[in-house]
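Asker: Listed here are the chains, written in short residue letters.
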Amino acid sequence: MTPAARQGGRLPDRATALAILAALVCAAPVFAVAWIAVTGETGDYLAHLARTRLPVYLVNSALVAAIAAGGAGLIGTVLGWLVARTEFPGRALFSWVLILPLAVPAYVAAYAWLDLSQAGGPLHAATAGLFPTVRGAWGAGLMFALVLYPYVYLLARDTFTGQSADAYNAARTLGAGPFSAFARTSLPMARPALAAGLALVIMESLADYGTVSYLGAPTLSIGLVRAWSGAGSLVDAARLSLILVAVALIVFGLERAQRSRARSHAASGRHRPAPRFHLSRTQGLAAALACLIPLALGLIVPLARLGWLALNEQPAPNLLPASWHSLTLAAISAVLAAGLGLSTAYALRGRTFIATASARAAGLGYAVPGAVAAVGVIAILSGTQALIDPAWQSVTGEVFPVLLTGAAAALIFAYLSRFAAAAIGPSEAALARVTPALDGAARTLGATRGETVRRVHWPLIAAGITSAGLLVFVEVLKELPATMILRPFNYDTLAIIAHNYASDERLGEAALPSLLIPLVALLPMIFVARYLSRARSSSGQV
Amino acid sequence: MTDTHTRRGLSIRGAQRRYVKETAALAGADLDLEPGRITALLGPSGSGKSTLLRAIAGLERLDGGEIRLGDTVWAGPGRHLAPERRRVGMVFQDYALFPHLDALANVAFGLKGPDARTIAMAQLEAAELGHKAKAFPHELSGGEQQRVALARALAPAPAIVLLDEPFSGLDRRLRQELRERTVDTLRRAGATALMVTHDADEAMAVADALALMDQGRVIQTGAPEHVWTHPHSVTAARLLGDIEVIEAFIKAGAAGTPLGPVATPDFKNGCTVYVLVRPQAIRLTPSADGAFTVTRRRSAGTHLAFTIANAEGQSFTTHTPVPSTLAVGDRVDVELDEAFVTVVGA
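Just so you know, the protein sequences line up as chains W and U, in that order.
Under the numbering used here, the residue at position 500 of the first sequence is numbered 500, and the numbers go up by one with no gaps.
Under the numbering used here, the residue at position 72 of the second sequence is numbered 72, and the numbers go up by one with no gaps.
Incorrect hints may appear among the rest.
Which residues of chain W face chain U? A partial, calculated answer using Cβ under 10 Å [claimed, not checked]:
#, residue
1, Pro188
2, Thr448
3, Glu451
4, Val453
A short list of chain W residues far from chain U (calculated; beta carbon distances all over 12 Å) [said to hold, decoys possible]:
#, residue
5, Arg14
6, Val38
7, Leu130
8, Ala165
9, Arg226
10, Arg256
11, Trp308
12, Leu311
13, Ala391
14, Trp392
15, Ala408
16, Thr435
17, Leu438
18, Ala442
19, Ala462
20, Arg487
Computed spacing ranges between beta-carbons, pair by pair [what the hints assert, rightly or not]:
#, chain 1, residue 1, chain 2, residue 2, range
21, W, Ser260, U, Tyr19, 41 to 51 Å
22, U, Gly14, W, Gly450, 28 to 38 Å
23, U, Val73, W, Gly450, 17 to 27 Å
24, U, Arg172, W, Thr356, 38 to 48 Å
25, U, Ser45, W, Gly90, 25 to 35 Å
26, W, Arg261, U, Tyr19, 28 to 38 Å
27, W, Asp166, U, Pro323, 39 to 49 Å
28, W, Gly90, U, Arg18, 54 to 64 Å
29, W, Gly90, U, Arg187, 48 to 58 Å
30, W, Ala17, U, Arg79, 22 to 32 Å
31, W, Arg172, U, Asp115, 52 to 62 Å
32, W, Gly450, U, Asp115, 17 to 27 Å
33, U, Gly78, W, Asp166, 54 to 64 Å
Don't read these hints as lab results, they were simulated from the structure.
The C-beta atom is built at its ideal place from N, Cα and C for all residues, glycine as well.
With the sequences and hints as input, model every part of the structure.
Answerer: Given below as structure tokens:
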């Protein structure tokens, strides 16, 4: 090969190497968990657990996931349809504002709602005890529905927007009324997209720790954290993890399958976009109100309540270092995840088998709940330590510095393994706008490889990559279970101190850190929401 | 625009390109582009014509052979000149306009220096798109996008202009209008151009020279009319339109066909040949005891297509100028116009 030819191959090769790294980072913890679970010694903890708490965990998990999916599905589908297919006051604004509740961690919403609705709370008092206390599996499911519905909403909105009017019109000419035509054409055509959104909601609810622990609905995640932090058994934690991963993988598989079906259903949709229904004045106001209610319940009310509580309390002393840790962890993870996502997307451009396999393996990480990722990281680090220790000691005569404790790197490893996948999809979508012909056009017009990246690629993908990174930033800011398991001693984040105060019934002190998470997350979330809403409306060919 | 950059022709010798696990996309293609002329590259899909175009642009590496412009080697053993250093202008099938840049910035992309925007604006105005300078690609119609793409390719005064099926995304009326406009623009610029197409009519309408491609090789080149009337092979003949292929045996200096004998001065007696007959070659005269019967009559606008069959069940299609009184069931005699008949070795 000529020197020029080798130079030509360098960029994709480097990208492929990084894609493989991303796959390793994302998939290694799951494999480590599986390894430990299979090869570890059999203790009686798990047998004991199976007789006692495991059925409760399973029932709660199923209940919470079902309520979350039902609620989020209803809210997301209705709002998605309203925004996509009708015209009403404030529609353009709601189109992206409705995504913002994603900035609120479910456990933060839970703190506010339990405080409002419990005996002695303002809502309880105002309704003379008629308003039920938000608690238990249904309360947790409701909280998830309120903050996770945007996953369904986003996919529903884009599907209903892209749907061709032809099928609906054909149904009308065949004698179906407006509602029947919707139920028999538009809704079934949107079903794969809605199912994909629901799968995301279910995976997130199963991965949650803070909400279900605070509202008293112990799910599998709780069992997992207890097995590690209470019983201290890595093997038992790994075995519980496997159950959780199995469930998550089933849901994940469903999501992937439905997503590819969603794509095929939308394939012929672009040509004749349906005109929006013009609602009457009353109908329009009703539609605006329908958008306002979930926004109020999921975002405005919780933040207002926590804001009010925070005003009446001295800030906790550890708030500043915790904020700093949260910000730096989230920022570093976001940059690294965006880098891995972008590299994987570039590698995928080469259409090689290894790139595709890497991207799929990295995608698996998204199905792995944070607690499981944390257990996996522990397994990997302690395994590595066990390998290095004897050799290190025989050479240096000293004990090898402990890998596990004191390393924020372990945390970032776990975050990346869970969230890097979240950056791959958006990066891929952003880079899909850069067709090979655009490269060819730039090169034949005299731009070098580097200039092509700078003048053509970057302007086209910058917003997408930024939004992918910001999404990871928000997720890491909200993350609780992995942080709890992996954090070094005395190393606090906002999520940790909020959870610790709230668990100690010191909600006043929990209020400010709880409030800070969504407040910090809101700005990046606005960027993401606007990007996701603009990218759809203007780019005809994407 | 100066003429200096059009003086040198492009020559391609034995160009080879293989993709992994696939048959060769280019299997030793030869082609010469004469300065200031428009050449159409015609071939079925998968014949390697787009690959050849991309190899000339430098977007595809050759595994063998050579491409040179005048004395400058663009591609050859151990050499691959980067696309940005070849000064080719390329119009892509989907136009590949930069979606983040407006029309003016698209045209100015390949220009450097303080005059870039002025030159770009002049190009846009020449394309009658001055009023769309601030419009983004998605705000332009298909035809306007094509004109911006051509203006962008021509703006840096390239040595060669390459067009990859530049009209494929357009409807028929627009296609014809843009075809003429594109040819005018290329001629005004004095450009040396190579246009890939799979449409024979389009190729013959635009080109000064025609190059036919099949299975990674250029199988025939020449002036459009000449290639159409004198195809070198059955494949070449079929690429340019409907043709009847009759296998025949040569006896007494002529090939015997059901349509009558065809003189074969270039072949020896006793050989088997293919006689290639364009539908226009078959003249029909009504005759009560004619050897053929009209079995089908179809109007095709400018002409009538008749299907005729003889007693042995051999049938042929003819094109006859309108009007004609012949109807299905009429008996006819046939006569061949040898200007539309070619004989090639079997």
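Asker: All hints, please: hold or fail.
Answerer: Now for the hints, and whether the structure bears them out:
| no. | hint | verdict |
| --- | --- | --- |
| 1 | Pro188 | violated, 31 Å |
| 2 | Thr448 | holds, 5 Å |
| 3 | Glu451 | holds, 8 Å |
| 4 | Val453 | violated, 13 Å |
| 5 | Arg14 | holds, 19 Å |
| 6 | Val38 | holds, 38 Å |
| 7 | Leu130 | holds, 54 Å |
| 8 | Ala165 | holds, 21 Å |
| 9 | Arg226 | holds, 52 Å |
| 10 | Arg256 | holds, 28 Å |
| 11 | Trp308 | holds, 45 Å |
| 12 | Leu311 | holds, 46 Å |
| 13 | Ala391 | holds, 43 Å |
| 14 | Trp392 | holds, 46 Å |
| 15 | Ala408 | holds, 38 Å |
| 16 | Thr435 | violated, 7 Å |
| 17 | Leu438 | violated, 5 Å |
| 18 | Ala442 | violated, 7 Å |
| 19 | Ala462 | violated, 10 Å |
| 20 | Arg487 | holds, 42 Å |
| 21 | W:Ser260 - U:Tyr19: 41 to 51 Å | violated, 27 Å |
| 22 | U:Gly14 - W:Gly450: 28 to 38 Å | holds, 33 Å |
| 23 | U:Val73 - W:Gly450: 17 to 27 Å | holds, 25 Å |
| 24 | U:Arg172 - W:Thr356: 38 to 48 Å | holds, 40 Å |
| 25 | U:Ser45 - W:Gly90: 25 to 35 Å | violated, 51 Å |
| 26 | W:Arg261 - U:Tyr19: 28 to 38 Å | holds, 31 Å |
| 27 | W:Asp166 - U:Pro323: 39 to 49 Å | holds, 43 Å |
| 28 | W:Gly90 - U:Arg18: 54 to 64 Å | holds, 59 Å |
| 29 | W:Gly90 - U:Arg187: 48 to 58 Å | holds, 56 Å |
| 30 | W:Ala17 - U:Arg79: 22 to 32 Å | holds, 29 Å |
| 31 | W:Arg172 - U:Asp115: 52 to 62 Å | holds, 58 Å |
| 32 | W:Gly450 - U:Asp115: 17 to 27 Å | holds, 24 Å |
| 33 | U:Gly78 - W:Asp166: 54 to 64 Å | holds, 56 Å |
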